[in-house]
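S.K.: For reference, the chains in residue letters:
Number of protein chains: 2
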Amino acid sequence: MINKLVEKIKKTNAPIVVGLDPMMKFIPDYIKSKAFAEFGETLEGAAEAIWQYNKGLVDAICDLIPAVKPQIAMYEQFGIPGLVAFKKTVDYCKSKGLVVIGDVKRGDIGSTSEAYAVGHLGKVQVGSNSFYGFDEDFVTINPYMGADSVLPFVKVCKEEKKGLFILVKTSNPSSGDFQDRLIDGKPLYEHVGEKVAEWGAEHMGDSYSYIGAVVGATYPEQGKILRKVMPKSFILVPGYGAQGGKGADLVHFFDKDGLGAIVNSSRGIIAAYQQEKYASYGDTGYADAARAAVLDMREDIAGALGK
Amino acid sequence: MINKLVEKIKKTNAPIVVGLDPMMKFIPDYIKSKAFAEFGETLEGAAEAIWQYNKGLVDAICDLIPAVKPQIAMYEQFGIPGLVAFKKTVDYCKSKGLVVIGDVKRGDIGSTSEAYAVGHLGKVQVGSNSFYGFDEDFVTINPYMGADSVLPFVKVCKEEKKGLFILVKTSNPSSGDFQDRLIDGKPLYEHVGEKVAEWGAEHMGDSYSYIGAVVGATYPEQGKILRKVMPKSFILVPGYGAQGGKGADLVHFFDKDGLGAIVNSSRGIIAAYQQEKYASYGDTGYADAARAAVLDMREDIAGALGK
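Protein chains in written order, with our numbering: chain A, 1 to 307; chain B, 1 to 307.
For the record, the hints were derived by calculation from the structure and aren't laboratory data.
Keep in mind that this is a model prediction, so the values were computed, not measured.
Heads up, a few of these hints could be off.
Just so you know, same-sequence chains aren't split out, so a pair can sit in one copy or run between any two.
Said to hold, decoys possible - With a cut-off of at most 25 Å between alpha-carbon atoms, the simulated DMTMM-like pairs for lysine to aspartate or glutamate come out as follows: (1) K186 <-> D148; (2) K34 <-> D184; (3) K87 <-> E41; (4) K228 <-> D177.
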């Protein structure tokens, strides 16, 4: 799957992943009204609005981008109906040829991590049959519990030819509370990065490992260091756009050939129509506004990379 | 909810939480056969088997214990039908008066943590209505991303009178990979413990805070230190039984009055009938075997606490 991701990035010339994080306030009123008319102002109504909104976005941008990253929390908050919409979104994106990164940030001890890995990337056994649960292509995971929480995911990735992005240095303001604390003269995130590099070296695709890392665009200096610490790891970079990261901040996350990283934008794309810059699209043009925002983001990154 | 938990522990004289972590290999064949006859060897069939198995367990032990801790990964691996079984289990346990600790180990940046908090503990807004998603009483969360990943959960707990257990020192063998690394002369878990104590002091129930911590029974020395670092935090202690923790290891997790901690056992209770000690119950007696195992665990802990 890492090879497919790299190929699609080359083909689209867009190291961009669009975060499908559908907050209700992003969804145009006409979509919500229609969904509520059919299902009421219920969890099912919210789930239908999310699904229709996502479908419109995906149809409008799927030829421009290599990947999407649905944030499961935004679905999980609507309980079971929300998770049904998550699964429909994953399946639809895959049917459109997109690589799907499930932003799930799971992590637990051995047998429990195994269950998460099976549920999100692999197949679960029921009697003599086996079934995919959510079936994303990549997932994000949390390393706090150490190697035996990570390795069950690695095992399933190897079997299924899928991949991981492990949290190393996250984009949020208080990521430093623990991640920046110095251990033997180096911050914790660097120690985690070294582990990611070690796991990654043993699990290579053609040019990059399928064990990648998450490093926030909001921390470009740390990105520069981590790029060197993890030379074979693909880096998923959140924090561009709404969180403050800019094209110029991204340069050091990439290798010299302009590969090695993929930059996420969520609300900057999916709610572009709510920005002044794209307001002329109106709410019925939300998907076209998203397309325009993807094109602008592609240009911003290409400019920064001197391409 | 922390007050309810403390009250129920006093009443049952059992600082015990039973982990409802239904692996397929724990479920008696007669339950699986019946479920598969009705729904086939499908995800729905697995979910039905899990639900019937849980229901039998809960009916047999609900008068003896204050709380249950369903591990969501064990349900999530069966996709949507699995999560439906999780929700049914949460609701059923609450209807029996049990405190439900959702072992979900979520954690993300600000608005995303808010979505998880709303989905598991609070209410989500849909138009002019609001709905509970999964509606557990407590959840476990992961602190790696720092304060702004934790505080949205704290906010919802305050509104809903619910609570948290934050991962501090986990019970797995490689928890030390990052948690034990020294920062300013103290291990990372102690720094996390200090933060938990700080958040906890501002969010008190009657005698304990509703911001608790997870510290593994497999690390009694660390438990002793963390008990002092977090004097007002309730400690959720996994790792008893199958993972190797013993009654005598638990003493230092408790306060002098025998409160302040709640010990989890999962397979040691729910799959007791598969142990030689309880084999005479047979598979149709799996729930009675679980009851016997709870009574033995209560005695083991009471003995260790000198009660």
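S.K.: Work down the list of hints and note, for each, if the structure agrees.
M.R.: Hints and how they fare:
1. K186 <-> D148: Classified as both; 23 Å inside a copy, 23 Å across copies.
2. K34 <-> D184: The answer is neither: 58 Å in one copy and 57 Å across copies each exceed 25 Å.
3. K87 <-> E41: both (21 Å within a copy, 21 Å between copies)
4. K228 <-> D177: So K228 and D177 pass the 25 Å test inside a copy (23 Å) and across (21 Å) alike.
The structure shown violates just one earlier hint, number 2.
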